[in-house]
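Given only the sequences and the hints, what does the whole structure look like? Please build it.
Protein chains: 2
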Amino acid sequence: MLYLIGIGLNDEKDVTIKGLEAIKKSDEVFLEVYTSKLQVSVERLEEFYGKKIIRANRTMVEQDSNKILADAKTKNISFLVIGDPLSATTHVDLILRAKENEIEVEVIHNASVLNAIGITGLQLYKFGKTTSIPFEEGNFTVETPYDVLRDNLKLNYHTLMLLDLKPMEGKFLSISEAIRYLLKIELKKNEKVFTENTMVVGIARLGSKDEKIKFGKAKDVMNFKFGDAPYCLVVPGKMHFMEEDFLKQYRI
Amino acid sequence: MLYLIGIGLNDEKDVTIKGLEAIKKSDEVFLEVYTSKLQVSVERLEEFYGKKIIRANRTMVEQDSNKILADAKTKNISFLVIGDPLSATTHVDLILRAKENEIEVEVIHNASVLNAIGITGLQLYKFGKTTSIPFEEGNFTVETPYDVLRDNLKLNYHTLMLLDLKPMEGKFLSISEAIRYLLKIELKKNEKVFTENTMVVGIARLGSKDEKIKFGKAKDVMNFKFGDAPYCLVVPGKMHFMEEDFLKQYRI
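Going down the list, the protein sequences come from chains A and B.
For what it's worth, the numbering used here labels the leading residue of the first sequence as 587, then goes sequentially.
For what it's worth, the numbering used here labels the leading residue of the second sequence as 587, then goes sequentially.
Among these hints, one or two may not hold up.
For chains that are exact copies, the list does not tell them apart, and a pair is met inside one copy or across any two.
[Claimed, not checked] Simulated crosslink set (DSSO-like; lysine-lysine; CA at most 27 Å straight-line):
(1) LYS740 / LYS712
(2) LYS803 / LYS824
(3) LYS610 / LYS770
(4) LYS803 / LYS770
(5) LYS805 / LYS752
(6) LYS834 / LYS659
(7) LYS637 / LYS599
(8) LYS637 / LYS795
(9) LYS610 / LYS661
(10) LYS740 / LYS659
(11) LYS778 / LYS659
(12) LYS599 / LYS611
(13) LYS775 / LYS659
(14) LYS803 / LYS685
(15) LYS712 / LYS778
(16) LYS661 / LYS770
(17) LYS599 / LYS775
(18) LYS834 / LYS685
(19) LYS824 / LYS659
(20) LYS712 / LYS685
(21) LYS659 / LYS798
Hints are computed from structural coordinates only; laboratory data are not their basis.
Structure follows, in structure tokens:
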């Protein structure tokens, strides 16, 4: 049996009762450590769950997943994912391959950035497509986030931008870098999609007790010290007065 | 203290440890019963949580929320929401009013349809704006869902459609009705956005152990017997081969 378990966004107590029960009856527990960042140490998870946790990096999950699947044929295996287990392509692939191998799979859902972002007061059903801002590689700048933003804004939708991260290397694209990334594409394309005066919401450590949310002009949010990762950035589209009212509390 | 707690999509064990701890130390526990449908009885929740639950309907939350807020000034109040607590406008409003009244608020997140829909294998970041299909009132047909679908498809995005429900009256818009709703607008607007041959995914009881997912032409999914509510409908945009591969298992 393969349990794919979302452990939520913050600490050891964000797992569901159902998730914890599955972990407790598992012979092996893996934790996917490359698509997100925990707000708590693995040791604390181990203590709370009462289980030893094997850290699974990208290579392990994408290339050595045969081992995980082979084990799941005869044992109970928990594969823990920060947030919700279905947010990353590789996990969906794992389910597919488990099913091909006639291994029973149970998915145990949890919160993810996609719904926790509602804490900004922006209505979830008014968000358009989500996009990601990557680390720049050499001189090549991927313009997709700018294009997605433009398409969403045309339709008055809000845009959630996830900021790239390499947790294994301790590298996290900052809110400031993300804003400069968009400004750089604006300079090049000049479509008046994103300027220094565009109103944005910067969010650090979403879903944790010390999450930090700041709403203001891009040039001001860019200079705010958000503290530790992970980060995301929202560019609101057309706002309802209640959304504006709510965002006021986060005004820089 | 006001705790806004998501209890997840399925049963009493989908609450998080953090959520359950908050419930246990609450003096009063409300359950919002008008924006979604539980897969489990309130009695079973009460037994598992060890607390009496007060059912809160729309009138109570929108009009009599002063009482909930007044209580939260001096007592610990839990306000439970099926799925994630921030998916409905009224709950965001409750937070805003609590803060205006200097009442401490803690939001405890959980899974919602917005991320659990990943179980279709369709990538979450490839979904455009979410839309809802309402019950028809008289001869007036709201065309928004059709328009949102058209805009999403133009950009190759997937579209999640939530189907209207009035749980207090036991009324749930069925997948068949939703498809006929879209076909009816197609007949009128004739923009070739949604036809009998459009590939769709119908989902019943998402996130529960007996969730039912069917992928096929609109005319075939329309005739499938999905069983009990709640329901949603997805119209995939441009699919990656892995998404197609995954959906095959649900083929009608």
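Q: Pop the pair LYS824 and LYS659 into one bin, within, between, both or neither, using alpha-carbon distances up to 27 Å.
A: neither (51 Å within a copy, 34 Å between copies)
Q.
If the cut is 27 Å between Cα atoms, do LYS805 and LYS752 qualify within a copy, between copies, both or neither?
A. So LYS805 and LYS752 pass the 27 Å test inside one copy only (26 Å; across, 45 Å).
**Q.** Alpha-carbon proximity between LYS803 and LYS824, which holds within one copy, between copies, both or neither at 27 Å
**A.** within (15 Å within a copy, 35 Å between copies)
(Q) If the cut is 27 Å between Cα atoms, do LYS740 and LYS659 qualify within a copy, between copies, both or neither? (A) Classified as neither: same-chain Cα gap 50 Å, cross-chain 43 Å, threshold 27 Å.
**Q.** Intra- versus inter-copy proximity for LYS659 and LYS834 (alpha-carbon distance at most 27 Å)
**A.** between (53 Å within a copy, 23 Å between copies)
Q) Checking LYS610 and LYS770: alpha-carbon separation at most 27 Å within a copy, between copies, both or neither? A) neither (49 Å within a copy, 51 Å between copies)
Q) Under a CA distance limit of 27 Å, which applies to LYS803 and LYS685: within one copy, between copies, both, or neither? A) Classified as between: cross-chain Cα gap 24 Å, same-chain 48 Å, threshold 27 Å.
**Q.** Up to 27 Å CA-CA - LYS770 versus LYS661, copy category
**A.** For LYS661 and LYS770, the Cα distance exceeds 27 Å both inside one copy (51 Å) and across copies (51 Å).
Q) 27 Å Cα cut-off: does LYS712 pair with LYS685 within a copy, between copies, both or neither? A) This pair counts as between: shortest inter-copy Cα distance 23 Å, intra-copy 35 Å.
Q | Identical-chain pair category, LYS834 with LYS685, by Cα at 27 Å | A | between (48 Å within a copy, 12 Å between copies)
Q. How do LYS599 and LYS611 come out at 27 Å by Cα distance, when the copy is not named: within, between, both, or neither?
A. both (18 Å within a copy, 15 Å between copies)
Q | 27 Å Cα threshold - placement of LYS661 relative to LYS610 | A | Answer is within: at 13 Å inside a copy they meet the 27 Å cutoff, but 34 Å across does not.
The structure is inconsistent with the numbered hints 3, 10, 11, 13, 16, 17, 19, although it conforms to all the rest.
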